[in-house]
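Protein chains: 4
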Amino acid sequence: GQGIGKRSISLASTSMAAPPAGIFPPRNILIVNKLRTDPVVKAIDELLIHVRSTYPEVQIYAENRPDIPEGVQAWKPGPSSPDIDLVVTLGGDGTILHAASLFSKGAVPPVLSFSMGTLGFLLPFHIDDFVKSLEAVFLGKATILNRMRLTCTFYDKDGNRKGDDEDRWQVMNEIALHRGASPHLNTIDIFVDGQHLTEAVSDGIIVSTPTGSTAYSLSAGGPIVHPSLAALVLVPICPRSLSFRPLVFPRGSVIRLQIGGRSRASAGVSMDGRSSLVLDPGDSVTVHASPYPVPCINRSSIVEDGVGRGAGREEHVDGDGKQVGG
Amino acid sequence: GQGIGKRSISLASTSMAAPPAGIFPPRNILIVNKLRTDPVVKAIDELLIHVRSTYPEVQIYAENRPDIPEGVQAWKPGPSSPDIDLVVTLGGDGTILHAASLFSKGAVPPVLSFSMGTLGFLLPFHIDDFVKSLEAVFLGKATILNRMRLTCTFYDKDGNRKGDDEDRWQVMNEIALHRGASPHLNTIDIFVDGQHLTEAVSDGIIVSTPTGSTAYSLSAGGPIVHPSLAALVLVPICPRSLSFRPLVFPRGSVIRLQIGGRSRASAGVSMDGRSSLVLDPGDSVTVHASPYPVPCINRSSIVEDGVGRGAGREEHVDGDGKQVGG
Amino acid sequence: GQGIGKRSISLASTSMAAPPAGIFPPRNILIVNKLRTDPVVKAIDELLIHVRSTYPEVQIYAENRPDIPEGVQAWKPGPSSPDIDLVVTLGGDGTILHAASLFSKGAVPPVLSFSMGTLGFLLPFHIDDFVKSLEAVFLGKATILNRMRLTCTFYDKDGNRKGDDEDRWQVMNEIALHRGASPHLNTIDIFVDGQHLTEAVSDGIIVSTPTGSTAYSLSAGGPIVHPSLAALVLVPICPRSLSFRPLVFPRGSVIRLQIGGRSRASAGVSMDGRSSLVLDPGDSVTVHASPYPVPCINRSSIVEDGVGRGAGREEHVDGDGKQVGG
Amino acid sequence: GQGIGKRSISLASTSMAAPPAGIFPPRNILIVNKLRTDPVVKAIDELLIHVRSTYPEVQIYAENRPDIPEGVQAWKPGPSSPDIDLVVTLGGDGTILHAASLFSKGAVPPVLSFSMGTLGFLLPFHIDDFVKSLEAVFLGKATILNRMRLTCTFYDKDGNRKGDDEDRWQVMNEIALHRGASPHLNTIDIFVDGQHLTEAVSDGIIVSTPTGSTAYSLSAGGPIVHPSLAALVLVPICPRSLSFRPLVFPRGSVIRLQIGGRSRASAGVSMDGRSSLVLDPGDSVTVHASPYPVPCINRSSIVEDGVGRGAGREEHVDGDGKQVGG
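Residue numbers (the numbering used here), protein chains in the order written: chain A, 1 to 326; chain B, 1001 to 1326; chain C, 2001 to 2326; chain D, 3001 to 3326.
No lab work stands behind these hints: they were computed from the structure. Watch out, some of these pointers could steer you wrong.
Partial pick of chain C residues on the chain A-facing surface, computed with a CB cut under 8 Å [unchecked claim]:
1) Phe2154
2) Gly2252
3) Val2254
4) Arg2264
5) Gly2268
6) Gly2273
Chain D side only, calculated, beta carbon under 8 Å to chain B, not exhaustive [unchecked claim]:
7) Ile3237
8) Arg3240
9) Arg3264
Note that the structure is a prediction, hence the values are computed from the model and not measured. Glycine included, each C-beta is placed from N, C-alpha and C at the ideal position.
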């Protein structure tokens, strides 16, 4: 998806956030990349040299993969791993989504994202600006946009949790239920705050965050929601009823989607574009705002031309570390 | 407009509201009707008889019109008029909008609205239930949904206020700018919180409340916004650019619409469906959430079948008058 | 899908049609039903009794299934089977689609369709009217609406036909390509009359007939096309580009959809709601108007209340059999 | 409006057309321009010099305006004016629409249109190519796309023609009825081929040609219709009912729009973007395909890079003048 909001809406931080994880100035930095293309490899090399010389006290980590750069320590999610104070991503929006998914059980450290070329929807910095960007972060000049995530919990027809009890999903863009390859439409009962809203007959249902409102939700006909508004967007995919229009709910709403008992199709679930489980008739998922947003470091406070500069409503990452540190 | 949300979304009160005007239990009741059809005349007669016998201490007022019912005192907006504790409307949604407009300068008393037949979008009570409804109000059992209004202020091209300095408009559904009978499209610069968002070339622009999201805004392609979410919806009318999609902003946003200096068309302004002034190139209007919502008495707390019953998040109008009283 | 057109647009026959198969008055009638519910069994029984007593010279056939009614001859598609002069369907729209699919290789006999209750989109007769309807057909009073079909031919990446050489598909509603359960969007190159129109990145693409324009195509945002207009409707499903809008092409157009070589997703194909093959990157399908429409007997000439009565432009099934006979 | 179709759909001629007016090779050329900007003045000067030296037998005309170029003869529409064999326009799409309007009573000569810079939706030639373009026309190498027009006739509530009896309007893009500055919605009864289709409650109704399907109609949600398909597109503007979707009718359809007797708003009429009369409750307009399309000389046969080259279905303007001459 793409939209008017992608380049022109200024990003102001939300007030809903739990404080981000990590301390200030950052001690442990996690580098996240999905691809190992030449530009990415080169950018990581330069970044490592720069950080080691400029911020020698910093420990650098990367995901535990065969291609981990020399001198970088392996890191994986889990309680015994070192706490991360800053995540640096190199790549596109998908890399940011992946980084967020590494902290799917709790608070996410501030994320400083660099694109390798074209600017993504999530408004990263260009890699050529990495020296200036890191400096802003270490000097406490960066501001944060807390991007809302959704917590998704799955249940079988008897109301038992599906999957590991620890296993609640956090999504940054959207959760989508879709009939997939089934020739039949889904019948999905939608409940909001415990009340039955409607029985939707459609290809599927999207519940998106404001961040995700410019992605799949937009393609399906949804509105663009300012990222500083805490809201859930529910959009039907090719609904049979023309009067079933996109809906916007307040942050506190709990949306439950239950595959109708008489639905002829199961629903595949995809979260942030990754397929996961399948919901059979009677199964359900509840979706509500996550207590753990993704604190994205905001380009507006660093880029000097004022692109995306917020209207004085951004939280400041000041020297005493109240915002990103603490 | 009409939509899925009209009958099925439960109405929970918002937390943003200034306390409604009026005291509890109500002493001064204002009856508002637009038409004097036979059913309305008959209903007012029955209502008067019932109120006089059941709540003899109550004073009853009506707008100062030639057809004012016998024994009812004339009332008009203004600082020297008696304070109203409860507004009772008889008619459709237009009557509720009219009632709200009588309090366009400040706080609105709680509104108890009766439809004469078909149920309107604003979820009134049926007139046949008036005895039970009034009883609930006087017993302090009614709950309130504070419906957000928009404050609209107009400026000429030099930045001077257009119209009386006192004259800020409060709208309950939407403000719409439209080229009207002009053969040329409007060019409108849209600013949000002081930043230029886009230059829109279109038939016009709608800014609606959540309440208005099921009215004109919906016909123009906007989403349905839950009335308990405090948000502004901006929807272009027949925009030339297909990528200009409906936008949802947080309550705190200030939207400014300025007719482009090179716009070949002026823009007529209509607020809640009533035409008012015309904006010429260079003129502008600012729109933001009003501090004075309309406190609508909520059917959910009274109707026993639970239709529209909120999920425990409604403010209660309790005996000590904290909610509707003062 | 549903739409304004379903009940209110009058159905006039198209001029594009090959003459329907069959002779007049009908000698061989094929009964088609999908379900064997009690109402269907009862209706078939009554129909058999009526036809045998009223039109004793008629032979009655049914598909060769275990539950074939007593005294009815088994029939299956193929060159050695008796020619059918009239198809009678009992059921919903799906039953009409199924009946049409039995004649997927060539001309279709006139179809007289009865619904068992609710009226479908394809405007069948109610089963209670079967005596009057059959009489109209045998008296040559029925009129025909030739509903366009689409011929679909599949190719692999080397341009070789996929499947049996005889195997061209005829669809009455639509062909849809969809990414199915893939997490990735389809990239589909669209060619019209040999020219590259665009590269579509989307969930999928629908090509529908005017008949199908009130079904899936409508849910995806397509227009309603009058069934007497010979046209192909191309509608993207959740396209990434907001400027990719539904397109309407003339009857003579040849549309080719080719899965992009760099598409990360294959495309599942469904035709009239039935899933069939999968197209991998490089594979393609060509779609054009079939020479064999489905000649549907038109309710307008029989139902006396004038619902759906055409504006004098329908072909008449007259006594010398030019239209349905021949 | 803008759309995918504007640059990429190839333009093939339609078969519906009456033969264009004019003889071949052209004797009388009418130059049409709206503005007298420096580039236009300079282009006309160069064109005049070129035509006088290369085609000395040709007479050159222009509209009778104060700024008519020296040596050019004044021309105005009317039976006593010389017949025009070729119209040359210099300007944007509006200039082409204006040129077509000069022949609003009958056949239009072939139109060769030049843009002064950006290419318009109606696919003109760039002015820098005028030598080559004229040569193609005079050599009989140009092909024609007959763009359908709509004939609009207005009636009062008693069924009497409104306006001059001669006065039937020909529109090339669309006719739009709109409530204009009225605060009330229009109620419009829509009849197709004499049958009542629906009562539309909306801001207005558009009936567009395929040419106009990428203009206002597109902004209001209509599909893009290939210009070689003869069809009428009916699109509601902000309809109150979400199920009232765009409709496509065959060329032979007669659409009648009648302002409802109970409509609270009159409807302003604009045709090709020019406002004209007002229709009061009871008044109506009938719209059907005009017998006089606009024969636009097709860039595809001249531009050598093949942009827009039709798939072998274009009529050729051959030496014996059957197509543009005759």
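| request: Hold the hint about Gly2252(C) up to the distance rule: shortest CB distance to chain A must be less than 8 Å. | output: Gly2252(C) check fails; min Cβ-Cβ to chain A is 29 Å, beyond 8 Å.
| Measuring from the C-beta of Arg2264(C) to each C-beta in chain A, is the shortest one below 8 Å? | Violated. Min distance 11 Å.
| query | Do the numbers back the hint for Gly2273(C), that is, is its least Cβ distance to chain A under 8 Å? | reply | Result: holds, 5 Å to nearest chain A Cβ.
| Hint check, Phe2154(C) versus chain A [nearest Cβ-Cβ separation less than 8 Å] | Given a least distance of 17 Å, the restraint on Phe2154(C) is violated.
| said: For the restraint on Gly2268(C), tell me whether the closest CB of chain A is nearer than 8 Å. | reply: Holds, about 5 Å.
| message | Under 8 Å is the threshold here; is the Cβ of Arg3240(D) close enough to any Cβ of chain B for the hint to stand? | response | holds, 6 Å
| Proposed interface contact between Ile3237(D) and chain B, which counts if any beta carbon pair is under 8 Å | holds, 7 Å
| Minimum Cβ distance from Val2254(C) to chain A below 8 Å? | violated, 26 Å
| said: Is the interface hint satisfied for Arg3264(D)? The criterion is a beta-carbon contact with chain B at less than 8 Å. | reply: violated, 11 Å
In this structure, the hints that do not hold are numbers 1, 2, 3, 4, 9, in rising order.
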